[in-house]
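Line order of the protein sequences matches chains A and B. Numbering-wise (my numbering), the first sequence opens with residue 8 and increments by one. Numbering-wise (my numbering), the second sequence opens with residue 8 and increments by one.
Bear in mind the hints are in silico, worked out from the structure with no lab data behind them. Watch out, some of these pointers could steer you wrong.
Copies of the same chain look alike in the list, so a pair counts if it works inside one copy or between any two.
EDC-like mimics (lysine to aspartate or glutamate), calculated; alpha carbons at most 20 Å apart, straight line [stated by the list, open to error]:
| no. | residue 1 | residue 2 |
| --- | --- | --- |
| 1 | Lys71 | Glu313 |
| 2 | Lys471 | Glu548 |
| 3 | Lys418 | Glu104 |
| 4 | Lys559 | Glu200 |
| 5 | Lys315 | Glu297 |
| 6 | Lys418 | Glu131 |
| 7 | Lys315 | Asp529 |
| 8 | Lys559 | Glu316 |
| 9 | Lys315 | Asp564 |
| 10 | Lys491 | Glu420 |
| 11 | Lys559 | Glu313 |
| 12 | Lys559 | Asp529 |
| 13 | Lys71 | Asp38 |
| 14 | Lys207 | Glu187 |
| 15 | Lys559 | Asp246 |
| 16 | Lys207 | Asp168 |
| 17 | Lys471 | Glu410 |
| 18 | Lys468 | Glu221 |
Please read all numbers here as calculations on a predicted model, not as lab measurements.
Protein chains: 2
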Amino acid sequence: MQFHHHGYVSGDPTVLPAEGVGLERPVDLPDETDVLIVGSGPAGMLLAAQMSQFPEVTTRIIEKREGRLVLGQADGIQPRSVETFQAFGFAGRITAEAYNIGWMNFWGPDPENRANIIRTSRTEDYGLKISEFPHLIVNQARVLDYFAEAAQHGPGRITPDYGVEFLGLTVHDDGEYPVEVRVRYTAGERAGEERTIRAKYVAGCDGARSGVREAIGRTHVGAMAAHAWGVMDVLVNTDFPDWRTKCAINAEAGNILHIPREGGYLSRVYVDLGEVAEGDNRQVRHTPLEAVIAKANEILHPYTLEVKEVAWHSVYEVGHRVTDGFDDAFDADRHPRVFLTGDACHTHSAKAGQGMNVSMQDGFNLGWKLGHVLTGRAPDSLLSTYAAERRPVAQQLIDFDREWSSLMARKPEEISDPQDLATYYLATAEFPSGFMTQYPPSMIIAGDAHQDLAVGFPLGKRFKSAEVTRVADGNAVHLGHHAKADGRWRVYAFADADAARLAAWAEAATPVFARFTPAEGDSDAVFDVKAIYQQRFDEFEVTDAPALFLPKTGPYDLTDWEKVYAAGTTIWCTMDIFAEREISRDGAVVVVRPDQYVAAILPLDAVDELDAFLEGAVLPAS
Amino acid sequence: MQFHHHGYVSGDPTVLPAEGVGLERPVDLPDETDVLIVGSGPAGMLLAAQMSQFPEVTTRIIEKREGRLVLGQADGIQPRSVETFQAFGFAGRITAEAYNIGWMNFWGPDPENRANIIRTSRTEDYGLKISEFPHLIVNQARVLDYFAEAAQHGPGRITPDYGVEFLGLTVHDDGEYPVEVRVRYTAGERAGEERTIRAKYVAGCDGARSGVREAIGRTHVGAMAAHAWGVMDVLVNTDFPDWRTKCAINAEAGNILHIPREGGYLSRVYVDLGEVAEGDNRQVRHTPLEAVIAKANEILHPYTLEVKEVAWHSVYEVGHRVTDGFDDAFDADRHPRVFLTGDACHTHSAKAGQGMNVSMQDGFNLGWKLGHVLTGRAPDSLLSTYAAERRPVAQQLIDFDREWSSLMARKPEEISDPQDLATYYLATAEFPSGFMTQYPPSMIIAGDAHQDLAVGFPLGKRFKSAEVTRVADGNAVHLGHHAKADGRWRVYAFADADAARLAAWAEAATPVFARFTPAEGDSDAVFDVKAIYQQRFDEFEVTDAPALFLPKTGPYDLTDWEKVYAAGTTIWCTMDIFAEREISRDGAVVVVRPDQYVAAILPLDAVDELDAFLEGAVLPAS
């Protein structure tokens, strides 16, 4: 964490000084706003937290509820989401209060008495092997609290406008604020009053029954499945020994997906309510709680659940639907003004624990693009990449979830190999961890001509961090964890063996970065450029690094000491990033987007290619 | 972190529900209080945070300043302090914002040009080998902020009474509140007004010029040393390559101890101002800042410092003094009513980075004792152990600091072996890490007859945590990190190979613990008893553990699943605590105090000895 560079900070360093529109942010919703976010779920709140890093941009987030969410529905947190929380500054804190999934156990009928269940296998969870971040379970309400804090503590000082309901919108062809949005106050002194707000852009983060989706004429494609599940968050007494372990139970009496929750006592139980009869007409949704509890006891036999408190419960039918478009650009040459995220554009079962995670990545993908376009850092065309990149991800999600749901809902007699759920679970781990997303070449993902220079950083996938040594202090740090969600591009220059080519690259690249960076601010305001040497940190002096990697920052022009790293191992850092990520010993330049996806891989002598890539993705500073 | 057991918690689970005197805590200082803490430094604020866990006890903390500390003086945080922060719930957060000391470098004159300095050695810092917790540098003001939050979020809802100055006190021989304290408001509407407060106990946490010390007639013993140092927290530009590394510089021109600070830019520089002439009469304290900066530049030659901002600076003479007693019990048979902590009873140089740490351990030692005596959990005699235990620690501190300060202040020609500072630094690592404290046998430290059953848990030293697997969920956790600063005793029952003796112990010990535990609350309200099996977690069922280790908790009588652990290694936990801490395979019982010190080690068949030990330290529940 870097601070004090604008002078001594006495208080909490995670509360950044207010800037721009954050300095005197009006309490009331203004008539005009650059960005209007509709809905304060995971996608909307991440987006608000991201936009708070662009204090030149006015952003408001409306939510029809009167205040913060009290009971959340989603609770599964992929390692990729924890990695994202790291960028927003709260991975450590949320991990401390969450349930950590170490294992997934599978239960089936006891061959000797098929009315009883027995444990058939234990599978270690996928988190450890795939990421340095864990796989967690925590209440969605807490995730939103943390994003709310990040939005509030960012320079833009964004807080949700609670008690304001979206009614409809019209996109006009011209004007500075072409989107006209009709809203109504649902709470407070102005309850019932309708207003019109004008925005440059609108993000529809308003869930499965999205009013924004309806207003722009997009439709959900797909069908409700013929399977229903009861779900409950319960405090119980039980003799079931896996009450604190995630498990899938396929009993003669039916199926349970069991998810322990944070805090050591609560668990979420998904109870299979079976095939829904044709013409049921949503009657299954009225299944009483008592019936769900009774069914759970039947499935768990010979174990029992004595339910002491039900924090939340629901019955739903599994649907698998993707919206026919993620923005309002029905024609390819139309500039999008309205975007859909999260459940507004993809809905599916809850049991793979994916929904909140994919929704947050929607918000992360969209946020920096809005910020860059609205601050003149990128061309308008950048915004078209949102739908192009995120719609295929939603389709993958639906496909994965459909397969996982079907596997989970099988009857024991349909299961030939009791291990196959476990096998599927591990084999597909990269997807539910959130790391399988790979964006195709575009204006912000370069071609793969030089992929072989850094095999461990696949183009279009998220930058997989590794440990390095910070030369200035000899500490082991995760290279990727320095990358905060601050809207900046990251450029990692991996040195050649004697760093001669690195020095030449730094000299040639300096004017290139300068051309895209406003002269009046810090020289690293747009590109955060770091060097990684092959040596040990104590085999050279940090002060010998090229000036590009020791930029002056803030009003005192203080040296930033945290851009020079070393790969040689020490007692603190036992990982060599060159070996770990298969980086060429001739060096390589890895360009990473503000949302942490690898955008380009280039040789150290290809500054012209770097220039050409940036020319397509970034606007020169005026 | 355990929560939800009193029903679903929607918000921040670290904010505990208010209880007892925390429910309607008066804003104004009351006329009577059980505990009055004077001073809101590290010892006082830790004490407040600890007392907030005893909501049956009224505690107030007065501070003559108008509000929170803005600029702190201390900044060195030992691993033992981070371990303590873990117990108070903020180790992760403070570590994230702190500077982590990975290395200490040593500089001396360049043999080829003695006017220049060169690096003579690099020494890895001692933290890694001694503890799982790091060695940090962070502003004292932030440490106080975190303790203030812990005090505020505890059930007692304690907040400091700022703007109230201690004037004097009288200890009467009788009455329920025998200590009469005179105070004056220094700020707010009542500024200037004097009042009398009556307390059962007073903690003097009011620093080196302690008014409480003076009021009880204790005196500082020792002398000012004849050496002066200038200290400054500065933002600079420099070509000195170790600006971000802790270093000791012994140059021809003088000595510097250089401590990088949190945030990546700021450093603290201690500049040796040389011997103080006899009869100087504190004139050295008026050394101008410019002279200190000039001296620093001389010492750093050929490198230079260009100072951009001075956040704080001071000049001081090194003193080494210990108070002649730590409480007001001048006679051995007198019950102490007033206690001294921190700088009020020990002062020394700042350069070993010890002061704040030892002060906090004073507060940690005293807090639970006050809590237990005031809630009737322990006999009054417990309070006499505070001075008996802490005074020798203060003397050790002074001795260490004197030796370290002298080594630091040597002239280069006095240094025969350039490595010897580095050697001393590493050889003595256990002391400055905070782990050398070992309390002698007393009513709360048993004799060492059974030490051989658990060699790695020396009696009287703090319980050194190790990783184990929590059986209920298969997660790797640090056994000691579950021990929060909640005033409870911990009892770790390490099982024999087949757990038969463990089962017998549990049955015999259950009524013993029950005798000391109020019938109306949770059965683990006084003793948090845990079992550690030798097997892997998946070689037995958690539900097979004796009932003592699966107690019912809260209004729903919910099973607490977090008291049964396993030592067998897994992919998540690669450490076997029996091997790591040399625990007998016949089992052992380790009793640990609320301040984390090992109090007793007993065989599994010695329940009578356990009973006898508890009889001396704890009062039976009435």
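Identify every previously stated hint that the structure contradicts and give their numbers, smallest first. Hints 1, 2, 3, 4, 6, 10, 17 and 18 not satisfied by this model.
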